[in-house]
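Q: First to last, the sequence lines map onto chains R and S.
With positions in the first sequence counted from 1, the corresponding number in our numbering is that position plus 31.
With positions in the second sequence counted from 1, the corresponding number in our numbering is that position plus 31.
The set of hints was computed from the structure by calculation and includes no laboratory data.
Incorrect hints may appear among the rest.
Because identical chains cannot be distinguished in the list, a pair is counted as satisfied if it fits within a single copy or across any two copies.
[Said to hold, decoys possible] Dumping the calculated SDA-like pairs for lysine to any residue here, alpha-carbon to alpha-carbon at most 20 Å: (1) K116 to A263; (2) K258 to E64; (3) K56 to A284; (4) K375 to G69; (5) K258 to N137.
Number of protein chains: 2
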Amino acid sequence: MPNTDVISFSRGAPSLDIVDTEGLKAAAVAALEADPAGVTGYGTSVGYGPLREWIAAKHGVQTANVLITNGSMQADAFLFDELVKPDSPVIVERPTYDRTLLGLRNRRGELHPVRVQADGLDVDELEALLKGGVRPTLAHIIPNFQNPAGVSLSGDKRVRLLQLANEYDFTIFEDDPYYDIRFRGEQHPTMLEQDAENRVVYACSFSKTVCPGLRTGYLVGPAGLIKTIAEAATNTYIAPNMFAQATIYQFAASGALDRSIATVKDALEERVDQLAASLRAHLPGSEFVVPDGGYFLWVDLGEGVDCAKVAAAAADEGVQVVKGTDFVLDGGETCLRLAYSAVKADRIDEGVRRLARAVEATRA
Amino acid sequence: MPNTDVISFSRGAPSLDIVDTEGLKAAAVAALEADPAGVTGYGTSVGYGPLREWIAAKHGVQTANVLITNGSMQADAFLFDELVKPDSPVIVERPTYDRTLLGLRNRRGELHPVRVQADGLDVDELEALLKGGVRPTLAHIIPNFQNPAGVSLSGDKRVRLLQLANEYDFTIFEDDPYYDIRFRGEQHPTMLEQDAENRVVYACSFSKTVCPGLRTGYLVGPAGLIKTIAEAATNTYIAPNMFAQATIYQFAASGALDRSIATVKDALEERVDQLAASLRAHLPGSEFVVPDGGYFLWVDLGEGVDCAKVAAAAADEGVQVVKGTDFVLDGGETCLRLAYSAVKADRIDEGVRRLARAVEATRA
């Protein structure tokens, strides 16, 4: 009989205890008090003015370089609509976010997966592809706490990737929703801030620092491209949600955002340490890199494991995981993605015990 | 020298005095108190559950027939993406909403404009087109207080239009954002509620009854089509804005929505009566139908007028209007659209005086 008290390592979403709902109430009221016309009016497709300025200041760019969207996946969609035509060569990480793969495949891009190592994209493999004649339009890179691998791109590799983009004339899509939730280790500079030749389009989100339900993300990029995408956005929905954006702006301006980020980081660090300890204890043969931030741990269960069977058996045991094959065009059969963002620390060990039983059952 | 105290008849948006910002504050707080997990979580692409149920009950349909979107223009965009392929024949009203024309042209639909009369679409002209061999995929109809013409489709014509859709096998896109803001006259049944053969896809919005900044609209249609569009929406932005939707739900549940609609209707009726009186006084040769609801009055200034010149001269006089040519594929040169939603009654006469001076100047 399926376990009804389910523990979910499947969804990259925060548990409610690390969302500041009181702060959001105050921010919503403050937004309507400070700027009732701006909050209730249509606005324009580039986004709510004060939040746009706040984002520009955060990244050291002009407001003309910023476009706010209804979640960062909408930003991806606009960018892909603009740059990815049928048969456009696109570099993707292997493994990578399943929705990114789907978005690129739906636009019939020609995908070239490049392996992710413990320090991020294998830049040598990319360089060999480029030397072999592949001429990408775009390289999609999740530089921090990659989804699903949990690893980050090293500082040296960021520099080399930018050099390759300049040399081979492609755009780097730096997809960086986890930037602010590094809980240990050194923050590397973004490729955006090192970009001298307008090669980088940067995406981020407030889903991981405020909450997902306000559906607010953004793009930073060359002013001409931002203008083109702003026009497409006008024709799609006039403007992104003004009320949500103004609430986020007030949340940031009041200091609640910094407190929220601190809360999230503390909780995630505790969770990932527990997860790593439990995996070592209950699945001693498994291999993984312990993330320094973000939501996800990628675990390789080793030879002979079929992740689809494990995921099904795990569901029967009352623990949800996502099978590795969802994040690659081929391969990934022995891997799982474990999202620790939604599971409180005191439930993690029980979740891993259930997972270990499931692995055992599929081996039997 | 341009007049700096501008009166704008150009934008279809409400003035701030008819937006219940206090009610919105209370609704936002109530939303976060009642359902913190639902409001702050990702949600799913069909929309926030309680609001979806509220919409289904309002229209007497199942929740499976409802999809909530980030504004109703996003709903249009999803529907057009699904039904309008290059060279798909599409019936549009003449004149019609400029953004609808743009959305259809961008998808390279083959547009067949059909004249709008004082009682809505000329159904005889449509029937002649159909008998002549045109086989539309879709007919886009704004049945109430049409944008820009301000007129409504009669009850008889609604019945005939449905008959034609059944006979000639096309979808009616009933685009009805102004439904709730009829301030006089009899409400006709929607085509949606008379549809026995799944011919109608209905769109509406909370922009005119709550405010535009919450960017919330919706589609009602056949469950299969809604499911297909929900999948496209998931791949575009995961889910529409949960916070805005939950705020609207609480606004409706508390009774604030009904009060807001009453406020809006009272103000618009006063404004349109003043506008009609001022046009008769200062532009006695002009022709127009006084709307029974909605935001827009369409005025024909008569032979020899060039609306582009009038609009430019009006801007110099300190009044903004939209030229009629924006709302048709060709023609409309003697017409203007006047939006009275954003101009308080005591400023309307001055606005029309300025407009009359502009008309006079272009005739000289």
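Q: Within a copy, between copies, both or neither: where do K116 and A263 come within 20 Å Cα-Cα?
A: both (16 Å within a copy, 18 Å between copies)
Q: Evaluate K375 and G69 at a C-alpha cut-off of 20 Å and name the case that applies: within, between, both or neither.
A: Classified as between; 18 Å across copies, 38 Å inside a copy.
Q: Within a copy, between copies, both or neither: which one fits K258 and E64 at a CA-CA cutoff of 20 Å?
A: For K258 and E64, neither the intra-copy (31 Å) nor the inter-copy (39 Å) Cα distance is at most 20 Å.
Q: At 20 Å max between alpha carbons, let me know whether K56 reaches A284 within a copy, between copies, both or neither.
A: Close inside one copy (14 Å) and across copies (19 Å); limit 20 Å.
Q: When no copy is named, should K258 and N137 be tagged within, between, both, or neither for a Cα gap of at most 20 Å?
A: Cα proximity of K258 and N137: across copies only (18 Å, versus 24 Å in one copy).
Consistency note: the structure conflicts with earlier hint 2 alone.
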